[in-house]
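Each chain, letter by letter, is given below.
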Amino acid sequence: MIPFTIDGQLVEGREGGNVLEVALDAGIEIPHLCYNESVKPYGACRLCLVEVERHGRSRMTASCTYPVQEGIEVFTMSEKVLRARRMIIELLLAMCPGDKLIQDMAKELGVNQVRFKQEDKDCILCGLCARVCEEVVGAHAIQFAFRGDRREMIAPFQGEAMNCIACGACVVICPVDVIKMKEQGDERTIVRWKRTLKMKQCKVCGNYFAPHFQLEKFKEKAKLPKDFFDVCYTCRS
Amino acid sequence: MGRLSSPQELEKYGNEILSARDPNQAFITVCGGTGCHASGCHAVVDAFKKVIQEKAKGNGVGLRVTGCHGFCERGPLVVIYPQKILYQKVKPEDASRIFQETVLKGRILENLVYEHPTTGEKIVAEEDVPFYKKQMRIIFGNNGNIDPTSIEDYIAVGGYRALAKALFSMTPEQVISEVKKANLRGRGGGGFPAGLKWEQCRNAPGDIKYVICNADEGDPGAYMDRSLLEGNPHSVLEGMVIGAYAIGAHEGYVFVRHEYPLAVVNIGIAIQQARESGLLGKDILGSGFDFDVKISRGGGAFVAGESTALMATIEGNVGEPRAKHIHTVISGLWDRPSNLNNVETWANVPLIINQGADWYTQIGTEGSKGTKIFSLVGKVNNTGLVEVPMGITLREIVYDIGGGIPEGKKFKAVQTGGPSGGCIPESLIDLPVDFDRLTEVGSMMGSGGMIVMDESTCMVDVAKYFMNFLKDESCGKCTSCREGTKRMHEILTEISEGRGKPEHIDLLEELGWVTAEASLCALGGTAPNPALSTIKYFRHEYEEHILNKRCPAKVCRALLQYKILSDVCTSCGRCAKACPVEAITGVQKTKKEKGKPFRIDPKKCIQCGMCFESCKFEAIEVQ
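Quick note, the sequences are listed as chains A and B, same order. Just remember that this note's numbering sits 274 ahead of the position in the first sequence, which is counted from 1. Just remember that this note's numbering sits 658 ahead of the position in the second sequence, which is counted from 1.
There's no promise every hint is true.
To be verified - Straight-line Cα separation of at most 30 Å, DSSO-like style, residue types lysine-lysine; simulated pairs:
1) B/708 <-> B/670
2) B/763 <-> B/780
3) A/477 <-> A/456
4) A/468 <-> A/454
5) B/1194 <-> B/1274
6) B/1261 <-> A/391
7) A/391 <-> B/838
8) A/391 <-> B/1207
9) A/391 <-> A/477
10) B/792 <-> B/707
11) B/708 <-> B/791
12) B/839 <-> B/791
13) A/354 <-> B/838
14) B/747 <-> B/670
15) B/1254 <-> B/1159
16) A/314 <-> B/982
17) B/1068 <-> B/1212
18) A/391 <-> B/1262
19) B/1274 <-> B/1067
20) B/1249 <-> B/1194
21) B/763 <-> A/354
22) A/474 <-> A/456
23) A/474 <-> A/454
24) B/1159 <-> A/395
25) B/1159 <-> A/391
26) A/456 <-> A/500
27) A/493 <-> A/456
28) B/1262 <-> B/1207
29) B/791 <-> B/713
30) B/982 <-> A/354
31) A/495 <-> A/468
32) A/381 <-> B/1159
33) A/474 <-> A/491
34) B/1212 <-> A/391
35) B/1252 <-> B/1212
36) B/940 <-> B/670
To be verified - Selected chain A positions facing chain B (Cβ under 10 Å, derived; list incomplete):
37) 331
38) 450
39) 489
40) 495
Simulated from the structure, these hints should not be mistaken for laboratory data. Ideal Cβ placement from N, Cα and C applies to all residues, glycine included.
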């Protein structure tokens, strides 16, 4: 384990780990949006900024992508950090004024007014949905498109996400809860990706429990027997 | 020529080429660079071909289409050898006369010779033209001497001798030590010492290493790298092979944007020729060292020039930068040690190996050695590419080389470093140009863009223009960069359209600070520069826009007021006809009636300027 300090407190991190995960494990709260331990750090939201002092030189950096190193001194609440963090949350709030989480975080950081023209977007472009879809699910159904202020998270060509298995991982991971899933009868829809799939009925309880397309993918990937998903998870256990 | 399998064979081949060429032979070179291409050089080339075929019947008059000479303002350029007579703005119909008079009889055609704009003196020889006189064209100079598609031409001017020297009389460590001693700093903008980078990459663990040439030049108005790759691709390639030898890499990439078609073609030809000549590929020059290069074409995103984004693009991913806490020399392309340098940096390498670090370090300043190629554009008489020793002052570049400001207007500022560089005001015009001094004054070297601005340039408008570029070209990953540049652009637009508020200047500065400090890559890190540097040096212009709703340079349309001077107006009615929104009224004069002066209704006026353009009597005033 590699020792270093966060706000003066001695902590230890694993080789190859990042500063944010160590801080969170040690109970030191650093606000963050695009970080989730189930996927690789990305460093997009910039809220988890900290000041790191190394070899006598100090710099501001995102803690989620900063690798644990021996002897570094991390400051999570320095004046510079707070100043930058406040502006970043204000920028996010101006972009997505309706997101409850952003509103709460802004309040917590002491940001009470927005000095920019308000937009009416909902997605904060953290990229967690695409990363979980790629790294954990392996479906690669959605991705960022366009550059700069036109950046958007979309299904290919803004149509239906043809690779989406409607597993709902993106729904769960989205920090601002703007990816909605609907189930009606034998259909499940991931609204944002315009994806509707027919669901399979459990041979025992008769409930619709998961999309056919998803179960076929799982069977193919894990080389499961043909009748493996004839019974739902609940009835099987 | 077959494969060259030893340095002796290269030398012998070089001598054969030279001895077959008569240095006193009449020779016509036409610049085939992009600038001259745009002004019609290919028609000139065709005309010369026809004339030579008809008149000389192949008896010893050579014609060569070369790379960019740099003096693009005066293109198409033609230089007649052996006297090195420079003809400028040559048209196809001049070809026959040039051939008859100058090539055959040695007579000078006065109308095609460069005329000094102030003294009126006719200057015949290329090297005497003030534009070239203060330059030091050690990297760029050969562009005018060689046909970029001919490896013979490159070998004839001493090409690939540095490679032979490195492979056969230097160890990789010695090559690195020479480049370190020369203190060659990255010409792509970062200014990082190239030798140190090479050493780190050489020492990085791993068998497979990559050498990359960054030819993703994306600054608006900058075309140094383009012209080098188009005009002298072998020099870049030779630098790369030497670098690969020093680092221990066997594979390389040239990442060049697809919008540079001629550069893509010419570097492709150069790679093919070098392979066939045994100067690239397996067992280079019989040394046992293997190295080959592939071309990777970029789609044109500005951010793809950032090293990690560039590597992501070569891998086939979206060009998005990633954190560099582990440097690319350790883990870059496909997570292997990768050494990336810019086109111009690579082109410096053969020179350093050939002439030695001691010679090289005589040029330049304490911290910045050698020369730098700038693309000198904007409100300056001689636009084009200039190569100058580091440490030359901005004044020398703008006035001595650039020939000053056109139409007798007043110099205002020079913007260096591309879109995310800064504007340097007149008070700093005697600043010596090098990496550190430009950074000190809030601008940067960047890849070498240099845009001259005169009194008719509005600095708020300039900041808005560059911020618009940056907000479009940010990859959009970091909130601070994507939203920061967007909001800075929004505020600058408000100011330029008369909706500026006093607190906007502070807000711009705060946004600029966060964008620079919080963003991941150098694009975000430098993106606020256009706004911050103009606020720093031209705050009064911002205040004029915000407080008095006036644009002193009369550029920001929404702030302009058009007025008709009733005592000058002849009531001709031309302006009223030109006005697209019927904002001008009056009584037009007829043969019988005198008419009444016209008036502009400011409420209806959309500040399009049509009336101003149409008035023949200077009766319309802009405020």
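Hints, verified against the model:
Distance restraint check for residue 708 of chain B and residue 670 of chain B: the Cα-Cα separation of roughly 34 Å exceeds the 30 Å cut-off, and the hinted pair is therefore not satisfied. A C-alpha spacing of about 19 Å is found between residue 763 of chain B and residue 780 of chain B, which places the hinted pair at or below 30 Å, so the restraint holds. A threshold of 30 Å between alpha carbons decides the hint, and for residue 477 of chain A with residue 456 of chain A the separation of about 23 Å falls inside it, so the pair holds. A hinted pair counts as satisfied when its Cα atoms are at most 30 Å apart, and residue 468 of chain A with residue 454 of chain A qualifies at roughly 10 Å.
For the hint linking residue 1194 of chain B to residue 1274 of chain B, the alpha-carbon distance of about 40 Å lies beyond 30 Å, and the restraint is violated. Of the supplied pair hints, the one linking residue 1261 of chain B and residue 391 of chain A holds, its CA atoms being roughly 26 Å apart against a limit of 30 Å. For the hint pairing residue 391 of chain A with residue 838 of chain B, the CA-to-CA distance comes to about 51 Å; that exceeds 30 Å, so the pair is violated. Restraint check for residue 391 of chain A and residue 1207 of chain B: satisfied, since their Cα atoms lie roughly 21 Å apart, inside the 30 Å limit.
For a cut-off of 30 Å, the pair hint linking residue 391 of chain A to residue 477 of chain A is broken: about 55 Å separates their Cα positions. Distance hint between residue 792 of chain B and residue 707 of chain B is unfulfilled; the C-alpha atoms sit about 33 Å from each other, more than 30 Å. Using a Cα cut-off of 30 Å, the hinted pair residue 708 of chain B and residue 791 of chain B is violated, with the two alpha carbons roughly 33 Å apart. Only pairs whose Cα atoms come within 30 Å are accepted, and residue 839 of chain B paired with residue 791 of chain B is accepted, the gap being roughly 29 Å.
This hinted pair does not check out: residue 354 of chain A and residue 838 of chain B have alpha carbons roughly 36 Å apart, beyond 30 Å. For the hint linking residue 747 of chain B to residue 670 of chain B, the alpha-carbon distance of about 39 Å lies beyond 30 Å, and the restraint is violated. Note on residue 1254 of chain B and residue 1159 of chain B: the hinted pairing is violated, with a Cα-Cα distance of about 40 Å set against a maximum of 30 Å. A C-alpha spacing of about 15 Å is found between residue 314 of chain A and residue 982 of chain B, which places the hinted pair at or below 30 Å, so the restraint holds.
With a CA separation close to 15 Å, the supplied pair residue 1068 of chain B and residue 1212 of chain B stays within the 30 Å bound. With a CA separation close to 27 Å, the supplied pair residue 391 of chain A and residue 1262 of chain B stays within the 30 Å bound. Only pairs whose Cα atoms come within 30 Å are accepted, and residue 1274 of chain B paired with residue 1067 of chain B is accepted, the gap being roughly 23 Å. Between residue 1249 of chain B and residue 1194 of chain B, the direct Cα distance comes to roughly 58 Å. Violation of the 30 Å bound is thereby established for this hinted pair.
Restraint check for residue 763 of chain B and residue 354 of chain A: the C-alpha separation of about 74 Å exceeds 30 Å, so the hint is violated. About 15 Å separates the Cα atoms of residue 474 of chain A and residue 456 of chain A, which keeps this hinted pair within 30 Å; it holds. A C-alpha spacing of about 20 Å is found between residue 474 of chain A and residue 454 of chain A, which places the hinted pair at or below 30 Å, so the restraint holds. This hinted pair checks out: residue 1159 of chain B and residue 395 of chain A have alpha carbons roughly 26 Å apart, not beyond 30 Å.
At roughly 14 Å between alpha-carbon atoms, residue 1159 of chain B and residue 391 of chain A fall within 30 Å of each other, so this suggested pair holds. Restraint check for residue 456 of chain A and residue 500 of chain A: the C-alpha separation of about 28 Å stays at or below 30 Å, so the hint holds. With a C-alpha separation of about 24 Å, the suggested pair residue 493 of chain A and residue 456 of chain A falls inside the 30 Å cut-off, and the hint holds. Distance check on the hinted pair: residue 1262 of chain B and residue 1207 of chain B sit about 18 Å apart at the alpha-carbon level, within 30 Å; holds.
Taking the CA atoms of residue 791 of chain B and residue 713 of chain B, the gap is about 35 Å. The hint is violated against a cut of 30 Å. Pair hint residue 982 of chain B plus residue 354 of chain A holds up; C-alpha atoms about 22 Å apart against a cutoff of 30 Å. The suggested pairing of residue 495 of chain A with residue 468 of chain A holds, with an alpha-carbon distance near 24 Å, which does not exceed 30 Å. For the hint pairing residue 381 of chain A with residue 1159 of chain B, the CA-to-CA distance comes to about 26 Å; that is within 30 Å, so the pair holds.
Note on residue 474 of chain A and residue 491 of chain A: the hinted pairing holds, with a Cα-Cα distance of about 13 Å set against a maximum of 30 Å. Note on residue 1212 of chain B and residue 391 of chain A: the hinted pairing holds, with a Cα-Cα distance of about 27 Å set against a maximum of 30 Å. Between residue 1252 of chain B and residue 1212 of chain B the CA atoms are separated by roughly 33 Å; this puts the pair beyond 30 Å, and the hint is violated. Pair hint residue 940 of chain B plus residue 670 of chain B holds up; C-alpha atoms about 21 Å apart against a cutoff of 30 Å.
The closest approach between the C-beta of residue 331 of chain A and any C-beta of chain B is roughly 14 Å, which is over the 10 Å cut-off, so the hint fails. With 10 Å as the threshold, the beta carbon of residue 450 of chain A stays out of range of chain B, its nearest partner Cβ sitting at about 13 Å, so the hint is violated. The interface hint given for residue 489 of chain A is broken, as the beta carbon of that residue sits about 30 Å from the closest beta carbon of chain B, more than 10 Å. For residue 495 of chain A, the interface hint is violated, since its Cβ never comes within 10 Å of a Cβ in chain B; the closest pair sits about 23 Å apart.
In this structure, the earlier hints numbered 1, 5, 7, 9, 10, 11, 13, 14, 15, 20, 21, 29, 35, 37, 38, 39, 40 are contradicted, and the remaining ones agree with it.
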